[in-house]
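Could you use the hints to bring the two separately framed chains together as a complex?
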Amino acid sequence: MFLNMKLLAQHTLNGFGGMGEGMSMQLARDGRRVLWLAHESAPKNFTAVDVSDPRSPQVIVQTDLAHAQMRSNSLEVAGDLMAVAYQVTKFGLKPAGFELFDIAKPEKPRSISFFDASGPHSRGCHQLWFVDGKTVHMACADPELKPRNPKDDQIYRIVDVANPAKPVAVGRWHLPGTMESDDAPPPERLPAKFDAGFRAHNTNVYPERPDRCYLAYIDGGVMVIDISDRARPKMISRWTNSPPYNGFNHTALPFFGKGLLVVSDESVKDNAADHPKLVWLIDARDEKHLVSISTLPMPPVDSFRNRGGRFGAHNLHENTPVPGAWRSEDIVLGTFFNGGVRAYDVSDPYSPREIAYFVPPTPENSKTGAAQLNDVFVDDRGIVFTVDRGGGGLYCLEMKV
Amino acid sequence: MKPDGRTPVVVVTGFLGSGKTTLVNELLKEERDSLVIVNEFGDVPVDHALVENSTEAAVALPNGCLCCHVRGDLEEALMGAAMRRRRGEIAGFDRVIVETSGLADPGPVAQTLYSDHALTRDFKLGPIVTVVDAADPEARKASLGIARSQIAAADVVVLSKADRAKDFAPVEAEIRALNPAVECIPARFGKVEAKRLLDAKPGTDQVFSAAAHDSAIRSFSMRFEQPVLKALLQHFLATLVELRGKDLLRVKGVVPVEEGLVLVQGVRHVFDRLRPVAKGEAALVFITNGVEQREVEALWHAMKGLS
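Residue numbers (the numbering used here), protein chains in the order written: chain A, 101 to 501; chain B, 68 to 374.
Chain B extracted, bound-state conformation (with noise of 0.2 Å):
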């Protein structure tokens, strides 16, 4: 296996007040080595060595589509650490963590780290962290749709405010009805082990069925029980973004192929190219808005049939 030296950035984002920067100090303590980039206007100060702050500039990507956006700060934010660290000038870090703001969408982050190549040589994007307030489920409510895209883009969810909540259970189903395999974690005052958050995978572990739910967000997985042809694979990848890119929220997940498995990871149009991995359950996990299990697969048998 190849190996890999590029540093991990966690991304923990999360609804206005949702305890995200108690989240971000309470993990510091456990894991100092780690830089952490945060929104200039965050109210509550993060307690840190290495903090950089960021505007959230988003950058309209050369592919001319309106949903897909790079972030020009994290850009510059994170190659100035990598110039640094490589001088000398700083310490060294084990992880970046990038605290958005309680209204971005975290999307951005992940189609930073995958379509700029320079910076793809020194991070790659590494778990999504979202903090959903288990206390009080109407907050969400003022701005629904980037409240579900954090839930939707979660490779993890911190329930926040455990001691306040008095049962889990609405505030879960609504997290599974928008991304059914992901974990969720209770936290009193921020408090979570940091190798959960942090060990957490980009792709998935668990394959399941489409949920049921009144949004427009889909989520589903395809299993793969055979190796497929890995340029197939790109061109299905290719056909979907081309035909829906759009409306895919995060689409990630392991795939074998001709020489092992790659990981897959996409976020609307803008998807990382294949890269090898070790292990992982054959299958992708698709999060859409609107676009169906059945439409996905019927692609997929079409094309493979074709092949």
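Chain A with its partners taken away, still in its complex shape (with noise of 0.2 Å):
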């Protein structure tokens, strides 16, 4: 299925084609494009793959995780720097943190240093961002804090890695109840069936302002955080849905041009049974006073819930302020399981429209039946890659609006 977006290519990644959100491209040294990819879980880590010729993607370099109880699924590049994020299957385990590589030789990832998480109460990281070269901003447990739910683990903490060779952690916010030495009181949990925890996700920072973070933080809405003293991030305004909607705010994208959040939420259960997962446009001109404006238009959910596996928003093709990337307020792209990967013009906000799309055929050896696509990154030549969680691995596509 197809709006205005054609396929160039897509690559398996060598038969390890169940991709993460952690999607990133290189501008390397040589001139190359190297978009570098997480994987959704074990054995592979990450792969990267030269994306100079998007009609002819090559893998440069896939690695090994340490071991099958755990998953990268994040990642971002700053420059020659490579910061992966470690996340575990049961708490205790290790590496449960981040990890530094140098990749000025991209088919030579050398690791630099690792940032250790793990404790009793930590799965460790999910979610980074670091587009700075400096600080990695993450959703990540902290082995100080104990949660009263373990699935409120993961907080949002600032790592200075200015010195890539030792990284410090500088800073933490959590959502207050949610830790054992808090004194509010413990949040009102979504019903057990949609109950996915009050922890961050995404923890976006953008150099428009580094003062501010936004953060997704899955059952407990969007926040703005003031992060001008990094010891002492202090939560500016918050934005929430569940209830009556069924939690999982993934992503908050500032528009800062048009006073803008574009808020995803994540769809986590097959067969839409958690629909509706939509993606919504807040007015943040005033940060203190956040309002929904408008949601993105989905195709019906009747005539995708049952095509296999998931159906609803996911991630958001970023504006990642980095060397390489597309930046638009006018267009939001998004991925949306078997939805596939769908663009929307914005430049009315009260009145989204769709204008472009790509579903897949259902890749070979799918365990859900249906695509899956779980990530999108575009290029600043226009290009289009998403990648499948279940096996398609990466798609490269071209869009024409």
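You may find that some hints are simply not true.
In silico DMTMM-like cross-links for lysine to aspartate or glutamate, where the CA-CA straight-line distance does not exceed 20 Å [unchecked claim]:
id: 1; chain 1: A; residue 1: Lys500; chain 2: B; residue 2: Glu98
id: 2; chain 1: B; residue 1: Lys69; chain 2: A; residue 2: Glu498
id: 3; chain 1: A; residue 1: Lys500; chain 2: B; residue 2: Asp266
id: 4; chain 1: B; residue 1: Lys69; chain 2: A; residue 2: Glu429
Please keep in mind that the hints were generated in silico from the structure rather than gathered at the bench. Just so you know, these numbers come straight off a predicted model, no measurement behind them.
Right, here's the structure in full:
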């Protein structure tokens, strides 16, 4: 299925095409465009793909995880440095945290350091943001804290990596009431079937506002966090949609020129059992008063819910402030699992319009029976890269709008 | 520039037996990702997976004028295709190709796309391609009015049966008398580079002076050296439509306004809303039935002077 998007190439990544939500482009010193991709689950850690010619992507390196009870899921590239998140499947396991690599020679990523966040109440790091080469903002457990509910272990943490060999934790924030040491009462949880935890997910910080983190907090909504004092982040405002919706706020993407926040949910149940999982446009002109003004129009749920696997919102192209990334405040791109990758014109944020999409055929050996597009990155040539969670690997697309 | 995700609707028109279906079949060899809407009474089959039939049922527009019609069948076919595409029941398509019957005026197709706001969320008018038989000019004389309206409406003309035509000069002269700026592309057995047709702009890249010919049809262009007030342009077009709408066979072009360039497109009384456009020569092309250039320019200058 397609509208204004054309498949240029698909690469199943040597048979390990189940991809997570880490996609980051390196403009290598020799002129190549290298797309670094985190895998959804073991055995692979990350894969680098030369996408200089998007019609002919070439795998240049693919690495293994330390063991099968962990996943990388998220990574980011800043210059010749790459940070890779490590999350474990059971509390207490290692390695849990993130690893820094020197990728000056993409074929030979070299480990520089490891930031350990393991502990008896920690699953480590699920997601990280690393765009300035100096600071990692991440959703990661802190061994110093004990969550009242084990689902709430991953908080917002700031780690200074100005010296990449010695990462230093410099700040943290969590939703009051979620830790044993808190005075605040615990937050009211969503119904058990939708309770995914009050914990951090995406932790976006942009050079336009280096003193703000746009934080998505799963069942806790999204927050604007003042990080002007990195040691003591403070919540400025919070917007929630759940209840009555079914939680799992994933990303808060600011459009500074428009005074908007684009907020995505994540669908986490097969057959749209947690529908609706949407992308919301929030008027954020006054950062203290966030107002929901529209949602991006989704294809009809009845036509997609039984195609297999998940259907609903997930990752957005995040206007990553790094060389090689496309940036737009008129077009939002997101992945919607079996709904494919979709682009929306939000130039009138009160009336967003779908302008392009691509839904690949079911990948070979799919366990769900349908594509499950998981993440999207657009480069400054306008090439759309999207990955499948189930096995389809990488799709390179041309968007014509 | 506001992104535009609408799917273009390419209109292939031409007189009976001019070679429209041959052309469409050739186009589809290069451009498979097309939805084709053909007249159900067509005598040559279109060989393609995504084919819709139409009846060319014309419906009078509620504005009450006799010259304006929308194609009710086309509305239904396009809306249905958009719905099925959205539900994932059909794979998708990059464009729609509407092949009209030989005796159809392409105007109502354009009017359908200009006037139906629900439809214009998903579709926009693409180039109007008129197929003209280069070898048999006598055939058009059977219904000269229709043949002329098809040529007048064209953004690009395909001179078909080029292998049998000895000399293109007479047919090109006939075409340019009606539509001076239109590009004419000779084709043998319907073979034309698809991009040349599909990329033809529904505006104009050329300005020209009124052509002299013996029919009542007038073709001329009006240049705009400086940006004009958008509201004034809208009033001017509205007044022109009010006074002589039925005689405006096609108005198209690009006009600079305060905030940039806008695309102007109209057929008789029905105009698309002014849409931002990235580039184009600042001129409006008029193809009219008896409306003279000096009359249009006088109206414009009078309104501009009073604004």
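Indices of hints not satisfied (ascending): none
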